[in-house]
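Required output: the full structure, derived from the provided sequences and hints.
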Amino acid sequence: MQEIVIRTEGLTRDFKTVRAVDGLAIEVRAGTVFGFLGPNGSGKTTTIRMLLGLLEPTAGRAEVLGFDTRTAAGEIRQRCGALLEHPGLYERLSAEDNLEFYARIWRLSAAERRARIRELLEHLGLWERRKEMVGKWSRGMRQKLAVARALLHRPALIFLDEPTAGLDPVAAAALREQLDMLARSEGVTVFLTTHNLSEAEKLCGQVAVIRAGKLLAIGRPEELRSQARGQKAEIVGQEFSPNVLAAVRALPQVISAAVEGNRLVLQLQGGATVAPLVNAIITAGGQVEEVRKASLEDVFLNLVEEER
Amino acid sequence: MIDLGDVRTIVWKELKELLLQRGTTRRGVLASIIVPLVMLGIFIPLQEGARWVQSPMTPLVWIVVPVFLVATMICDSFAGERDRRTLETLLASRLSDQSILFGKIAAYVMYGWGLTLLGLTLGLITVNVTAWHGELLLFPLRSIAFTLAMSLLGAGFAGTGGVLISLRAATARQAQQTMSWVFMGLMFAGGIIGSKLPATWKVAAAQYLAGGTLVKLALTALLIVAAIDVVLALAAMARFQRSKLILD
Chain A
1 MQEIVIRTEG LTRDFKTVRA VDGLAIEVRA GTVFGFLGPN GSGKTTTIRM
51 LLGLLEPTAG RAEVLGFDTR TAAGEIRQRC GALLEHPGLY ERLSAEDNLE
101 FYARIWRLSA AERRARIREL LEHLGLWERR KEMVGKWSRG MRQKLAVARA
151 LLHRPALIFL DEPTAGLDPV AAAALREQLD MLARSEGVTV FLTTHNLSEA
201 EKLCGQVAVI RAGKLLAIGR PEELRSQARG QKAEIVGQEF SPNVLAAVRA
251 LPQVISAAVE GNRLVLQLQG GATVAPLVNA IITAGGQVEE VRKASLEDVF
301 LNLVEEER
Chain B
1 MIDLGDVRTI VWKELKELLL QRGTTRRGVL ASIIVPLVML GIFIPLQEGA
51 RWVQSPMTPL VWIVVPVFLV ATMICDSFAG ERDRRTLETL LASRLSDQSI
101 LFGKIAAYVM YGWGLTLLGL TLGLITVNVT AWHGELLLFP LRSIAFTLAM
151 SLLGAGFAGT GGVLISLRAA TARQAQQTMS WVFMGLMFAG GIIGSKLPAT
201 WKVAAAQYLA GGTLVKLALT ALLIVAAIDV VLALAAMARF QRSKLILD
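One line per chain: the protein sequences are A and B, in this order. Using this note's numbering, the first residue of the first sequence is number 1, and each one after it goes up by one. Using this note's numbering, the first residue of the second sequence is number 1, and each one after it goes up by one.
Note that these hints are calculated values from the structure, not bench results. Note that the structure is a prediction, hence the values are computed from the model and not measured. One or more of the hints may lead you astray.
What the hints assert, rightly or not - Pairs of lysine-lysine, DSSO-like flavour, derived with a Cα cap of 27 Å:
#1 A:K214 - A:K16
#2 B:K244 - A:K214
#3 A:K232 - A:K136
#4 A:K16 - B:K244
#5 A:K202 - A:K232
#6 A:K136 - B:K16
#7 B:K16 - A:K131
#8 B:K216 - B:K202
#9 B:K216 - B:K196
#10 A:K214 - A:K232
#11 A:K214 - A:K202
#12 A:K202 - A:K293
This is the structure:
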C-alpha cells in the first residue's frame, strides 16, 4: 500500500463573500502523478497555496508529507518543489544565477550545485545559453527553466501549476516523459494542474475534477471514463444500415444511437464496454474501422456541465 | 528564526540584482557605486582640500547620502518582486520569514554603509594626495566613530522603514511615491512638532543641549535612531505574513 502524501478533509477557503475552495477531500498517494483539473477560477491555485502553507484554510485541514499545513508549513516547504502560476524567475539574472540562487536556498554544496545545474540545463537543452539574462528568453524557455528550478533539490513532492503552458510540443512531450520517469523510478509525487486534458490522461495515475471549489470526481482516468453518466462512444466505419442501428439499439448498455455520416454515435450506460457493440455491428452487416471511446475531456466537460 | 546562511543567500541575490538593474554589471557598478564615489569621495574632498577631514560637512554627507540611496533602492525589495511576479515562488521556498526580511534589509544596508566606508577612505586618500603637507591627514577619532555609527543606523532606518513601505505597496512605483511622502512628512513634521511643544519642554531641551557635551549629544542621537530602527524592524516583522503578501 503506497503512503499517502497529501490528505485534505473538508478543506475550505473563503475570500470575503466568495468561497474559493469548498470542503475539498482528496488523498494523493506517493509516487503518483496526480492531475488536478478544473476550469479557470475553480480553486486550483488556492488549493496549492493552502497545501504549501501559504494561505490558511478558513475551515477543514490538510496534511502534506505527514505535516499539518497550519502548524508545520515550514517543514512542508522544506520538502517540496513548486512551479506556481507564474515562472517566478529573476529576469535581470542569468539562467545559471537563477538556479544558483535557489540551489543555495536548498543548501546544496558548491560541487552539488555545479553538477545539478549542469545536469538540468543540459537535459533541457539550455546549457549553452546559461549566461544569458532570463528576461530576454522566450516564454517556453523560461518555463523550462522554472521546471528545472522546481526539480533542483530533488524534492519528494512537486507542485506544478500548468507546467507545459508555453512549451512547444517536443519540449512538452519531453517534460511529460521526465515527470513520468520521476514518479516511476524515483518515487517523486507530482501534483499537477493542467487544462490540457490529453496531457492529464497520458500522465496522471489519478485525477480530481473541481468546479467552483467543489470536488466533482476523483479516481483513475479510466475509472472516471467508465463511471461517467452518459458515456459517449463513436464507431467509425461503413454500412451502418437501419438493421445495424436496430441491432445496436437493442443492446441493454445502449441509451441512444444515431448515424452521422460514416460515424455511429452512441450514448452508453456507465461502465459499458464496447466489445459487444462491435460484435453486434459486424453480425448485422456493418464494417468497423475505428472505435473512439469517451476521452477524459468528454468526462470533464460532462462533469462541469452537470454542475452548471 | 534568522539563519545567517539564508540571510547571506538573499544578500547575494539582492546585490546581484542591484548591480544588474541597468542591464549589465558594468553599467550597474558605474551607476550605483562609481558615480556616487567619484562625486562624494573624490570631487568634494578635492574642492575642500585639507579642511575635508575637519569639516562638519563630512559626517553630514556620509550620514545623509546612504539614507537617501538605501531609501530609494529598498522600495523595490518586496514591491518589485510582487511587480515581477517572483515573490510567490520565493515565499514557497524553505526560507523563514525572518531570513527573507533581514536578508533584504541587510543587502541594502550593506550597500549604503559600504559606500560610506569606501567614500570616507577615498576622500582621505584624495586629500592626502592633493593637500599633502608632510604629515598624514586623518579624521578626528570621535567624529569618524560617530559618522560610521550614525551612517550605519541611518542606513538601517532607511532599510527597515523602506521595507515596511515596500511590504505594504502593490507596486515598486507606489512604494517610491509613499517613501517620498514619508520623507517630506518627516521634514515638515520636525518643524511643526517643534513649534507645538509646550514651552517648558522647549526650555528643558535647550538646557539639555546647552549643558551636554558633544559626546553626550552624539550618544543620545545614536540611541534615538537605534530605537527607531528597532521599532521599524519589529513593525516589518509583524507585517511580514506570507498569506497577506500573496493576496495583497
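- Task: Sort out whether A:K232 lies within 27 Å of A:K202, counting only the CA atoms.
- Result: holds (19 Å)
- Does B:K16 pair with A:K131 here, judged by a C-alpha cut-off of 27 Å? holds (14 Å)
- Message: Tell me if the straight-line CA distance from A:K214 to A:K202 falls inside 27 Å.
- Response: holds (24 Å)
- Straight-line Cα separation of A:K214 and A:K16 no greater than 27 Å? Measuring from Cα to Cα gives roughly 18 Å; hence the hint holds.
- Message: Holds or violated: A:K202 and A:K293, Cα atoms, limit 27 Å.
- Response: OK: A:K202 and A:K293 at ~15 Å, within 27 Å.
- Compare the distance between the alpha carbons of A:K232 and A:K136 with 27 Å, and conclude whether the hinted pair is satisfied. violated (46 Å)
- Query: Are A:K136 and B:K16 close enough, with their CA atoms no more than 27 Å apart?
  - Reply: Judged against 27 Å, a Cα distance of about 17 Å means the pair holds.
- Item | Holds or violated: B:K244 to A:K214, with C-alpha atoms at most 27 Å apart | holds (24 Å)
- Message: Can you confirm whether the C-alpha distance between A:K16 and B:K244 stays at or below 27 Å?
- Response: holds (14 Å)
- Please work out if B:K216 and B:K196 have their alpha carbons no farther apart than 27 Å. holds (26 Å)
- Query: Taking 27 Å as the top limit, are the C-alpha atoms of A:K214 and A:K232 close enough?
  - Reply: The hint holds at about 24 Å.
- Query: Taking only the CA atoms, is the gap from B:K216 to B:K202 under or equal to 27 Å?
  - Reply: holds (18 Å)
Checked against the numbered hints given earlier, the structure breaks only hint 3 and satisfies all the rest.
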